[in-house]
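Enquirer: This is what each chain is made of:
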Amino acid sequence: MKKSLFRLTDMLELSIVYIFCFSLNLLMEYAKTLDLDAYILKAFLKNFIDYQPLIVSLFTFIVIVFHYQMLERKKAEIFCRILVGGTAFGITIRYVLDCLTVLISVYLLSALVNFRFGFNLADNFYLILIFVTYILISAGRVRKYENI
Amino acid sequence: MKIFKFMVSKIFLRKAILGIGIMLLLLMANYITFTAARSVLSTFQGYQETKYVNQEGVYIANLDPDSHIDMSIVDENGTQAVYDYLNSNFKYAFYTDGFMVSVPNSDDMEISLGYLNEQYYKLNEFELSQGTDLDFDYQLDGEIPVLIGKGLSKTYPVGATIEMEESVLGRPLTLKVQGVLKQNAYHSNYYALNSKTYYNFSIIFPVNEKFIDRASMDIQFNGLMDIILLDTSEEEIASLREVIKDNLGLSFNFFSQKENYDYFNEYYLHSLKIIFITTFILLIVITCLSVWNASVSVRLMLKDFTINLLVGLSCSKLKKIFYGYFGMLSFVNVALISIFTAFNRYGCWLRKDAAFATYGLFGLIGMDWLALLLVAVSDMIIGIIIVENMLRKIKKVPISLGVLQ
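Residue numbers (my numbering), protein chains in the order written: chain C, 622 to 769; chain U, 610 to 1014.
It is worth saying that the hints were derived from the structure and are not from the lab.
Any given hint might turn out to be false.
[Stated by the list, open to error] Once the Cα atoms are required to be at most 27 angstroms apart in a straight line, the calculated BS3-like pairs of lysine-lysine come out as:
1) U/Lys926 with U/Lys867
2) U/Lys928 with U/Lys912
3) U/Lys619 with U/Lys912
4) U/Lys619 with C/Lys696
5) U/Lys1002 with U/Lys929
6) U/Lys624 with U/Lys1002
7) U/Lys867 with C/Lys663
8) C/Lys663 with U/Lys961
9) U/Lys624 with C/Lys765
10) C/Lys667 with U/Lys961
11) C/Lys653 with U/Lys805
[To be verified] Listed next, with one range per pair, are the computed distances between beta-carbon atoms:
12) U/Ala951 with C/Thr654: 29 to 37 angstroms
13) C/Asp656 with U/Ala944: 56 to 64 angstroms
14) C/Leu750 with U/Gly933: 34 to 42 angstroms
15) U/Phe971 with C/Leu733: 45 to 53 angstroms
16) U/Leu959 with C/Thr630: 46 to 54 angstroms
17) U/Glu875 with C/Pro674: 30 to 38 angstroms
18) U/Ala951 with C/Ile725: 37 to 45 angstroms
19) U/Ala944 with C/Ile758: 23 to 31 angstroms
Cβ coordinates follow ideal geometry from the N, Cα and C atoms, glycine included.
Assemble the whole structure, with the sequences as input and the hints as a guide.
Expert: So this is what it looks like as structure tokens:
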């Protein structure tokens, strides 16, 4: 944590955006299982359930926003770390590991909720793949700040 | 305008990811508002259309869900006996639809036939764009006057005749177009007020006692399911229930005005409340995320904003630029929602789905435009929250400090 680019508020922010995306997916899964008598509610929910992957995927864009702003804010810090002997590779690895730690923690939490409600554990898994892709793409940007 | 262009191209678009982030969040907020608004508006339209059933002395028939239909008991004599009883003791509104026929038309749609009697016609006050009202006193062996939807009026103008090879009377019929319904005339389902079928590709067929007597059992039986009894009482309803039970072996419920109101309050108001609360919570969450996104934008663009403030840009001008930028994003989103909706509506034409094919400006019907108006209002509220929050954050930082960032 001492050498990490992440501060506690950053960790918290990242956790919140991950939790939001996983919760949204979970809510949609839950909505699918509801046995509603009211046609009006069924018709209303259908508008969202039919486009679940698209809606959840669009919402994951807030994770991109987080990575983008995080690295933009930290570019001076990355440069200074390299100046005092840090390596871009080391910083990148630590960044990826921190992001993965938060992601895995939130996923385990969501898996627990999935298990509690009896949903398929794989329902949330596609989000992991999306988020890992985002982490890898953003990690590639760390090297960009080697020279500013 | 020059400064607005400069700010958008040199500051906002330089960090396009943040702009796309706000736009997507706004798009979600718009979609949720639009969907909820359409559900509520559609239910309200349905309620307005079927308000006549909420009058004293009006009872609406409904097959008891626990009553099993045994088609071996149901026969033509049984249904005829029920109608004989109805004709001599009740004033009733008869309506049944969904009978599909192939009638040549320019859009190659399957045509739906809606059968109704004079009482139903009076209750519903059908609005016509051309022609005259239906005449129910016609001869079965002559031309039968009908109303048609707008979609058929191109092929069959007022006065034209439509030849039907097959009919519920078991013989060919000649229909004469008496009038054309206004575009997007609709019929709401009594038990799902937000669900509608549109009459654009329908033929509204007047039925009288003679017609029902000679019609096939299908139409008689289907007509009974939603029959509306007017100016009657509990005692008369009880005897009708007995007649139906004796002749068809079916248990019918007849809902009174009070029961209809209770049903509406319990079923619809409760559902509408859930939709309203869900929408409200989702909008709050999305607004919070948008505010977070806007704060991030301020954090990253603070230097650019403060430099511009230093060189003479006033706060009020900056405010206008922010509102202009947000208005632009909002406009793009509303346009996207409109295109998506128009595409969905156009899908009904491609699928030749006559019951849902509608006409409207840019493919959108009145209800869609009203929902889009509500979307614009919600955008304005979210916009004010975001922009004021951004300005508050910028004003909090002294210009000298911001420039040094």
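Enquirer: Look at each hint and say if it fits the structure.
Expert: Now the hints, each set against the structure:
1. U/Lys926 with U/Lys867: violated, 59 angstroms
2. U/Lys928 with U/Lys912: holds, 17 angstroms
3. U/Lys619 with U/Lys912: holds, 13 angstroms
4. U/Lys619 with C/Lys696: At roughly 20 angstroms apart (the allowed maximum being 27 angstroms), lysine 696 of chain C and lysine 619 of chain U satisfy the hint.
5. U/Lys1002 with U/Lys929: holds, 16 angstroms
6. U/Lys624 with U/Lys1002: Judged against 27 angstroms, a Cα distance of about 18 angstroms means the pair holds.
7. U/Lys867 with C/Lys663: holds, 26 angstroms
8. C/Lys663 with U/Lys961: holds, 24 angstroms
9. U/Lys624 with C/Lys765: holds, 16 angstroms
10. C/Lys667 with U/Lys961: holds, 22 angstroms
11. C/Lys653 with U/Lys805: holds, 24 angstroms
12. U/Ala951 with C/Thr654: 29 to 37 angstroms: holds, 32 angstroms
13. C/Asp656 with U/Ala944: 56 to 64 angstroms: Because 37 angstroms falls outside the window, the suggested range is violated.
14. C/Leu750 with U/Gly933: 34 to 42 angstroms: Given range 34 to 42 angstroms: holds, Cβ gap about 39 angstroms.
15. U/Phe971 with C/Leu733: 45 to 53 angstroms: Taking Cβ atoms as reference, phenylalanine 971 of chain U and leucine 733 of chain C lie about 48 angstroms apart, which means the hint holds.
16. U/Leu959 with C/Thr630: 46 to 54 angstroms: Given about 51 angstroms between the Cβ atoms, the range holds.
17. U/Glu875 with C/Pro674: 30 to 38 angstroms: holds, 35 angstroms
18. U/Ala951 with C/Ile725: 37 to 45 angstroms: Given a distance of about 43 angstroms, which is inside 37 to 45 angstroms, the answer is holds.
19. U/Ala944 with C/Ile758: 23 to 31 angstroms: holds, 29 angstroms
Of the numbered hints listed earlier, those contradicted by the structure are 1 and 13.
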